[in-house]
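There are 4 protein chains.
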Amino acid sequence: MAKTTEPSPTILENGQPEEQRFTFSQHPTLEDIRKMQAHFTDERDWNQFHQPRNLLLALVGEVGEVAELFQWKGEVAEGLPDWSGKEKEQLSHELSDVLIYLVELAEKCHVDLPQAVLDKMALNRQKYPANKVQGSAKKYTEYQE
Amino acid sequence: MAKTTEPSPTILENGQPEEQRFTFSQHPTLEDIRKMQAHFTDERDWNQFHQPRNLLLALVGEVGEVAELFQWKGEVAEGLPDWSGKEKEQLSHELSDVLIYLVELAEKCHVDLPQAVLDKMALNRQKYPANKVQGSAKKYTEYQE
Amino acid sequence: MAKTTEPSPTILENGQPEEQRFTFSQHPTLEDIRKMQAHFTDERDWNQFHQPRNLLLALVGEVGEVAELFQWKGEVAEGLPDWSGKEKEQLSHELSDVLIYLVELAEKCHVDLPQAVLDKMALNRQKYPANKVQGSAKKYTEYQE
Amino acid sequence: MAKTTEPSPTILENGQPEEQRFTFSQHPTLEDIRKMQAHFTDERDWNQFHQPRNLLLALVGEVGEVAELFQWKGEVAEGLPDWSGKEKEQLSHELSDVLIYLVELAEKCHVDLPQAVLDKMALNRQKYPANKVQGSAKKYTEYQE
Numbered sequence: 015m016a017k018t019t020e021p022s023p024t025i026l027e028n029g030q031p032e033e034q035r036f037t038f039s040q041h042p043t044l045e046d047i048r049k050m051q052a053h054f055t056d057e058r059d060w061n062q063f064h065q066p067r068n069l070l071l072a073l074v075g076e077v078g079e080v081a082e083l084f085q086w087k088g089e090v091a092e093g094l095p096d097w098s099g100k101e102k103e104q105l106s107h108e109l110s111d112v113l114i115y116l117v118e119l120a121e122k123c124h125v126d127l128p129q130a131v132l133d134k135m136a137l138n139r140q141k142y143p144a145n146k147v148q149g150s151a152k153k154y155t156e157y158q159e
Numbered sequence: 015m016a017k018t019t020e021p022s023p024t025i026l027e028n029g030q031p032e033e034q035r036f037t038f039s040q041h042p043t044l045e046d047i048r049k050m051q052a053h054f055t056d057e058r059d060w061n062q063f064h065q066p067r068n069l070l071l072a073l074v075g076e077v078g079e080v081a082e083l084f085q086w087k088g089e090v091a092e093g094l095p096d097w098s099g100k101e102k103e104q105l106s107h108e109l110s111d112v113l114i115y116l117v118e119l120a121e122k123c124h125v126d127l128p129q130a131v132l133d134k135m136a137l138n139r140q141k142y143p144a145n146k147v148q149g150s151a152k153k154y155t156e157y158q159e
Numbered sequence: 015m016a017k018t019t020e021p022s023p024t025i026l027e028n029g030q031p032e033e034q035r036f037t038f039s040q041h042p043t044l045e046d047i048r049k050m051q052a053h054f055t056d057e058r059d060w061n062q063f064h065q066p067r068n069l070l071l072a073l074v075g076e077v078g079e080v081a082e083l084f085q086w087k088g089e090v091a092e093g094l095p096d097w098s099g100k101e102k103e104q105l106s107h108e109l110s111d112v113l114i115y116l117v118e119l120a121e122k123c124h125v126d127l128p129q130a131v132l133d134k135m136a137l138n139r140q141k142y143p144a145n146k147v148q149g150s151a152k153k154y155t156e157y158q159e
Numbered sequence: 015m016a017k018t019t020e021p022s023p024t025i026l027e028n029g030q031p032e033e034q035r036f037t038f039s040q041h042p043t044l045e046d047i048r049k050m051q052a053h054f055t056d057e058r059d060w061n062q063f064h065q066p067r068n069l070l071l072a073l074v075g076e077v078g079e080v081a082e083l084f085q086w087k088g089e090v091a092e093g094l095p096d097w098s099g100k101e102k103e104q105l106s107h108e109l110s111d112v113l114i115y116l117v118e119l120a121e122k123c124h125v126d127l128p129q130a131v132l133d134k135m136a137l138n139r140q141k142y143p144a145n146k147v148q149g150s151a152k153k154y155t156e157y158q159e
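Residue numbers (the working numbering), protein chains in the order written: chain D, 15 to 159; chain U, 15 to 159; chain R, 15 to 159; chain G, 15 to 159.
Because the hints were derived from the structure by calculation, they are not lab data.
In this text the structure is predicted, and so the values were computed from the model without any measurement.
Incorrect hints may appear among the rest.
The list makes no distinction among identical chains, and a pair is therefore deemed to hold if it is satisfied within one copy or across any two copies.
Said to hold, decoys possible - Using 25 angstroms as the maximum straight-line C-alpha spacing, the simulated BS3-like pairs for lysine-lysine come out as follows: (1) Lys-102 / Lys-134; (2) Lys-134 / Lys-146; (3) Lys-87 / Lys-141; (4) Lys-134 / Lys-49; (5) Lys-146 / Lys-49; (6) Lys-102 / Lys-146; (7) Lys-100 / Lys-134; (8) Lys-100 / Lys-87; (9) Lys-100 / Lys-49; (10) Lys-141 / Lys-49.
One chain only, chain D, in its complex shape (with noise of 0.2 angstroms):
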């Protein structure tokens, strides 16, 4: 598990301190993912594949994996508690193919996938104002719709 590199604790609202909460490692970026998959697609001549409609495609088939891992669980609680060490090693990869096939869809639409999502962060927090959906699942909800 990665560990954080906060100089000091800060206390969240929910009472949990941040610096027990899971991180990820700073590496790589969105750029160092996007740069070494598009060497692994270079070296392979497999430009010609990876059209966006393509990459798409190939998205929606690692998301599908990523649904047979969860399909006949239940209810899944944080962490994932009572998965084995294999299925949580194939979860890692599922989701990896996700990142991997969206990083690379991004980059052949041409959209700077890590400035759009600041962009979008910006929107969300306009359009669910903390002091006003705080709380209750049905404000959350309705703002949802």
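Position chains U, R and G against the provided structure of chain D, taking the given hints into account.
Relative to the frame of chain D, chains U, R and G by itself:
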């Protein structure tokens, strides 16, 4: 569009200089995105809804919205030359939503997504050796099977 | 709700009389639906857009809309006892859209969907013999793998 | 391939006689399929796993398998003239799996799928009047939005 930070051009096998390719910005990283989304969810007290299977279904919903943008277009060329500015902006929003839910799903499953991608890419390089699969669609398809 | 047309009740192994189970209407058939949708598409001169991959992406979009109805709900019981009438109506619309595109995709791929299902069900009965997989989740999961 | 049972040819607007079009067999109906699948699930004592969200994720998994068959092919013509017999058989299996899970999901949600489709098709005819949307892709896309 993001700029590369490569000091000198490297010529790829397909004859396209690396520095002319579309690239991503170096920031935010996947960990930056994870942290921003965790803060967004905490502030709204929405962790109670963001269980793994809920996030997976939300991811499926966002992939569906990407598919809707591509569904009636037939084949689409790299860079989306025939798309309007509005369509490209919608796509950047929907791809971002897929990434946001993918990152939060990985976090809640305790999968260190950046490191998992490195592992999966190493496996992919082994599974599809460049010198064996290079070139034809036929070989490519067979390897996929 | 549709009524069964069974003349006499048959008791299932799980003790639930067949005639109390939820059933579908006998009409329209899959062929009826195919013909109605073909007429709809012809009338609008939309066959030019209804190529196989376009229909597949439209299907993915509709599955995404079904997912959106389920995404924040946690586990959901048979018959959707906690859903509002409006939610149930939305679900019936989205499931219908999935079926419509599935039927048209099969037609455009020249797959005789009703007969194909019979073949696949026969394979499934062979693959998962009732006397071997009966019962536990463990056996079930192993068979799935 | 299934045969039509139309007694006399009707000429469609696009000049293709109806009786030359690909059609489905009249059986099994959706209710036949529902009943067969219910029997299959009962015999294996699998209703405990076939909750609505589990079935939805299984459906997503099967749609992913359909996508995998189309993902590297670029545009595909009606009737799949370039596909091998084996590929066509795989497609017929995967489309069947999508239908089986769709039918069982509808059953477990108490949606009378055949009747629901009739309702949705009536709505679609209202939403897209043939005389208004007939023809160009531009109009079609605008209506979709």
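Hint check results:
1. Lys-102 / Lys-134: Classified as between; 13 angstroms across copies, 30 angstroms inside a copy.
2. Lys-134 / Lys-146: Only inside one copy: Lys-134 and Lys-146 sit 19 angstroms apart there, 35 angstroms across copies, limit 25 angstroms.
3. Lys-87 / Lys-141: Intra 33 angstroms, inter 21 angstroms, cutoff 25 angstroms: inter-copy only.
4. Lys-134 / Lys-49: both (23 angstroms within a copy, 15 angstroms between copies)
5. Lys-146 / Lys-49: between (41 angstroms within a copy, 22 angstroms between copies)
6. Lys-102 / Lys-146: Cα proximity of Lys-102 and Lys-146: none, with 37 angstroms in one copy and 27 angstroms across.
7. Lys-100 / Lys-134: Classified as between; 14 angstroms across copies, 35 angstroms inside a copy.
8. Lys-100 / Lys-87: within (15 angstroms within a copy, 28 angstroms between copies)
9. Lys-100 / Lys-49: neither (29 angstroms within a copy, 27 angstroms between copies)
10. Lys-141 / Lys-49: between (33 angstroms within a copy, 19 angstroms between copies)
When the structure is compared with the earlier hints, violations turn up for hints 6 and 9 and for no others.
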